[in-house]
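Those protein sequence lines, which keep their order, are chains R and S. Taking the working numbering, I'd label the letters of the first sequence as residues 2 to 325. Taking the working numbering, I'd label the letters of the second sequence as residues 26 to 421.
Please keep in mind that the hints were generated in silico from the structure rather than gathered at the bench. Model, not experiment: these values are computed from the prediction. Note that CB positions come from ideal geometry on N, CA and C, so glycine has one too. A couple of the hints might just be wrong.
[Unchecked claim] Here are the computed lysine-lysine pairs in the DSSO-like style, where the Cα-Cα straight-line distance is at most 30 Å: (1) R/Lys111 - R/Lys24; (2) R/Lys34 - S/Lys340; (3) R/Lys303 - S/Lys178; (4) S/Lys178 - S/Lys208; (5) R/Lys24 - R/Lys47; (6) R/Lys34 - R/Lys9.
[To be verified] Going by beta-carbon spacing under 10 Å, a handful of chain S positions derived as facing chain R: (7) Gly118; (8) Ile166; (9) Arg168; (10) Asp171; (11) Glu259; (12) Gln264; (13) Asp326; (14) Val382; (15) Met384; (16) Asp390; (17) Arg391; (18) Val396; (19) Tyr414.
[Stated by the list, open to error] Here are the simulated distance ranges between beta carbons: (20) R/Ala287 - S/His415: 20 to 28 Å; (21) R/His191 - S/Gly275: 45 to 53 Å; (22) R/Pro201 - S/Asp326: 39 to 47 Å; (23) R/Ala324 - S/Gln114: 44 to 52 Å; (24) S/Glu399 - R/Arg21: 52 to 60 Å; (25) R/Arg200 - S/Gly275: 58 to 66 Å; (26) S/Leu403 - R/Gly108: 39 to 47 Å; (27) R/Gly50 - S/Asp85: 53 to 61 Å; (28) R/Pro190 - S/Gly202: 52 to 60 Å; (29) R/Gly50 - S/Gly115: 37 to 45 Å; (30) S/Tyr414 - R/Pro298: 16 to 24 Å.
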Amino acid sequence: MAQTTLAKALNNGLRAAMERDPKVIVMGEDVGKLGGVYRVTDGLQKDFGEQRVLDTPLAESGIIGTAVGLAIRGFRPVCEIQFDGFVFPGFDQIVSQLAKLHYRSQGKVKVPVVVRIPFGGGIGAVEHHSESPESYFAHAAGLKVVACSNPADAYWMIQQAIASDDPVIFFEPKRRYWEKGEIDLDAEPHPLFASRVVRPGSTLTVATYGPMLKTCLAAASAAESDGHELEVIDLRTLSPLDLDPVLESVRRTGHLVVVAEAPSESSITSEVVARVQQAAFYSLEAPVLRVTGFDTPYPPSKCEEDYLPDLDRVLDAVDRSLAW
Amino acid sequence: MSVPQDWTPPTAGSQDSRPSREHVVAGLKATDEGDPELVQLLTPEGERVADPRFDKYATDVDVDALRSLYRDLVLVRRFDREGNALQRQGQLGIWVPLLGQEAAQIGAGRAMAPQDMAFPSYREHGVAWTRGIDPTDLLGIFRGTDHGSWDPKATRFHLYTIVIGNQVLNAAGYAMGQKFEGKVGDGPDSEATICFFGDGATSQGDVHEGFVWAAVYDAPVVFYCQNNQWAISEPTERQSRVPLYKRATGYGFPGIRVDGNDVLACLAVTRWALEECRSGNGPVLIEAFTYRMDAHTTSDDPSRYRLADELELWKLKDPIERVRVNLVREHGVGQEFFDGVQAESDELAARFREFCVNMPQPAPDRMFSQVYAEPSPLIEAQRAEFLDYHASFEGV
Ligand SMILES: Cc1ncc(C[n+]2csc(CCOP(=O)(O)OP(=O)(O)O)c2C)c(N)n1
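With the rest of the complex left out, here is chain R (with noise of 0.2 Å):
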């Protein structure tokens, strides 16, 4: 296949996933006639019809709620909410109900429902366009949560994630919609739930997702200068984590950088740090360094540039790894 951005991938995966089953179904606020705020829905009412691409009343928790009865009567919703801090109406639903069915009926329900969510900033949005709220779904036990970080990705996770028959909580880095990549279309399709080394290296292993995936390329591409060999790893699978790559790798290098848009204070990168320290904690040369938004709330856009973790962010933290 040719070069295709992130949310054209997406947008092929939704559609391979509607044409294989007829009960998959699209619902958000402006999915249908405008193709969504990113256009990632774009074309999907005009060939499936109303009744499969559903403009909702715009009101999250009733996106939500109504996915999780349609999912008890059969249907496999995907949802979108427009922007990351937009999500918090549809909280309750998400928590109290999509989360918590199929353990409260014992798997007698399953609500396979995909909530699918533009993250992350570095777009100059105004509030509530920019945040990174995935650590509010990992907490939740019974939800899964995922984030591509690329179109290939992108094009297969979400189709997998449709698959799945629990709940995801499907994130998208929505500064890397426009961004292009080749989908291999032959390829057999990593599997959802893994993570994956994306460039092998030696020296220090830097574990990210998402919209950062990018960004650490960036700095190990830089820090091949300095002769460090950077290994860069793709979290992808935030709940369930899979941090036998990131173990593996930092029994290799004995360093570990763990970069994230999202603020630190208990979040997936504290997770990742607790959990690598305990299973890997005689092979870490130097403690495990964190590179994140910091813990206020997203600023103005004006300032999301000392906001987020750049290429010099991580470079630092991979220095002062490696200085230990």
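With chain R held as given, fit chain S with the ligand onto it using these hints.
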């Protein structure tokens, strides 16, 4: 509950009263444009029409007051257009236009007493104007230097709220506070609250809950819904099967629809509603029936969903033009006045622009300020680390 004398409580919408899908222009569906309940004091042709229910709330609007309303409308439209242009020129990250909604906002805003409190959504630049907020104070949000720079307490105009419907509960709570403090009644210092939101917002749970709270605590709050026909790409019929104002009945308070392009009607109806609230008879729902003449925001592309016909139809109902025509025809106001307002609006636009392009970049550690009211060791440690890191680049 006291209502104007010949007020007829709105009847619940029946299914048959819904226009058929085929017959109505997309944006007007399910909204009963020709509803006889629509309050109007100034026709689109600029003719003053009598309304036995609401005339008494506009008797003081003489020619000077009308000129003043006209000036408000023109100046607000002017800086709104400038905001749009500044975004196109890369000076603003985004702009949320109010084109077409000037009368709905000026009428409501000018109906407020100084002690009343307003809770806006994010498009209420005209209401901000009536609260004495300088338009330049709105710029930081859209340029990305702050989340709202005015003082909500001093101006009695809360910060803009972007999460749809969130502010409706906050307004209900604020109004409950006014009531608990004994600020409703006939006294000179009695207060009310007004809360602004869109037609799409009426689908949110928060808005429904806000209605419930306000009703059961008799909170003095006017819910002011600007039905501009669209929630981004979704027409009102995607949110409701009945005209929105009719929903109020189900909560037990009056709902009324006013011509949102008629500044006089918006003023009169909002005055009535605020008085109801101040005197203890609130809440009230007002549906200002209007139209978003521009895109939802500068990031939106309405050509993907909106019909050109519809836009043309609403151009004929322009809120400013009808006041101008009325001033000329019924009050003999001469060109000099209009030229004066025009000149003033150009000055405002120039000042707005200059302020915008010269806005300073926030200090790098601005993001750490005021996260908590009390000291936070975590934030202070992060700030110190950040400043050290920043300093390490100096002289590099
Ligand atoms: C909770 C929430 N969900 C989604 C959005 C994204 N969004 C911003 S404005 C908008 C449409 C709002 O329509 P309406 O309430 O009619 O107000 P209008 O902008 O037309 O004045 C949407 C969906 C949001 N801001 N908040």
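The hints, checked one at a time:
Distance check on the hinted pair: R/Lys111 and R/Lys24 sit about 14 Å apart at the alpha-carbon level, within 30 Å; holds. About 24 Å separates the Cα atoms of R/Lys34 and S/Lys340, which keeps this hinted pair within 30 Å; it holds. Of the pairs offered as hints, the one joining R/Lys303 and S/Lys178 holds, with about 26 Å between alpha carbons and a cut-off of 30 Å not exceeded. Distance restraint check for S/Lys178 and S/Lys208: the Cα-Cα separation of roughly 17 Å lies within the 30 Å cut-off, and the hinted pair is therefore satisfied.
Among the hinted pairs, R/Lys24 with R/Lys47 is consistent with the structure: their alpha-carbon atoms are about 17 Å apart, no more than 30 Å. With a C-alpha separation of about 16 Å, the suggested pairing of R/Lys34 with R/Lys9 holds against the 30 Å cut-off. The beta carbon of S/Gly118 is positioned within 10 Å of a beta carbon in chain R (closest approach about 4 Å), and the interface hint is therefore held. Interface restraint check for S/Ile166: the shortest CB-CB distance to chain R comes to about 6 Å, inside 10 Å, so the restraint holds.
With its C-beta approaching chain R no nearer than about 7 Å, S/Arg168 sits inside the 10 Å limit, and its interface hint holds. Taken as an interface hint, S/Asp171 checks out: its beta carbon lies about 5 Å from the nearest beta carbon of chain R, inside 10 Å. A cut of 10 Å between beta carbons decides the hint on S/Glu259: the least distance to chain R is about 5 Å, and the hint holds. Residue-level restraint check for S/Gln264 holds (minimum Cβ-Cβ distance to chain R is 5 Å; threshold 10 Å).
Hint on S/Asp326 holds. Least Cβ distance to chain R is approximately 8 Å, under the 10 Å limit. The beta carbon of S/Val382 is not positioned within 10 Å of any beta carbon in chain R (closest approach about 14 Å), and the interface hint is therefore violated. Interface restraint check for S/Met384: the shortest CB-CB distance to chain R comes to about 9 Å, inside 10 Å, so the restraint holds. Residue-level restraint check for S/Asp390 holds (minimum Cβ-Cβ distance to chain R is 8 Å; threshold 10 Å).
Because the smallest distance between the Cβ of S/Arg391 and any Cβ of chain R comes to about 6 Å, under 10 Å, the interface hint for this residue holds. Here the hint on S/Val396 is kept, as its CB sits about 5 Å from the closest CB of chain R, short of 10 Å. Because the beta carbon of S/Tyr414 sits about 7 Å from the nearest beta carbon in chain R, less than 10 Å, this interface hint is met. For the hinted restraint 20 to 28 Å between R/Ala287 and S/His415, the CB-CB distance of approximately 23 Å keeps it satisfied.
Range check, R/His191 to S/Gly275: Cβ separation about 52 Å, and the 45 to 53 Å hint holds. Taking 39 to 47 Å as the suggested C-beta distance range, the pair R/Pro201 and S/Asp326 conforms, at roughly 43 Å. At roughly 46 Å, the beta-carbon separation of R/Ala324 and S/Gln114 lies within the given 44 to 52 Å, and the hint holds. About 55 Å separates the C-beta atoms of S/Glu399 and R/Arg21, a value consistent with the hinted range of 52 to 60 Å.
Under the hint 58 to 66 Å, the C-beta atoms of R/Arg200 and S/Gly275, about 59 Å apart, fit the expected range. The given range of 39 to 47 Å is respected by S/Leu403 and R/Gly108, whose C-beta atoms sit roughly 41 Å from each other. Remark: the range hint 53 to 61 Å for R/Gly50 to S/Asp85 is upheld by a beta-carbon distance near 56 Å. A hinted range of 52 to 60 Å holds for the C-beta pair R/Pro190 and S/Gly202, which are about 56 Å apart.
In this structure the supplied range 37 to 45 Å holds for R/Gly50 paired with S/Gly115, their Cβ-Cβ distance being about 40 Å. At about 21 Å, the beta-carbon gap between S/Tyr414 and R/Pro298 stays in the expected band of 16 to 24 Å.
Of the numbered hints given earlier, the model fails hint 14 alone.
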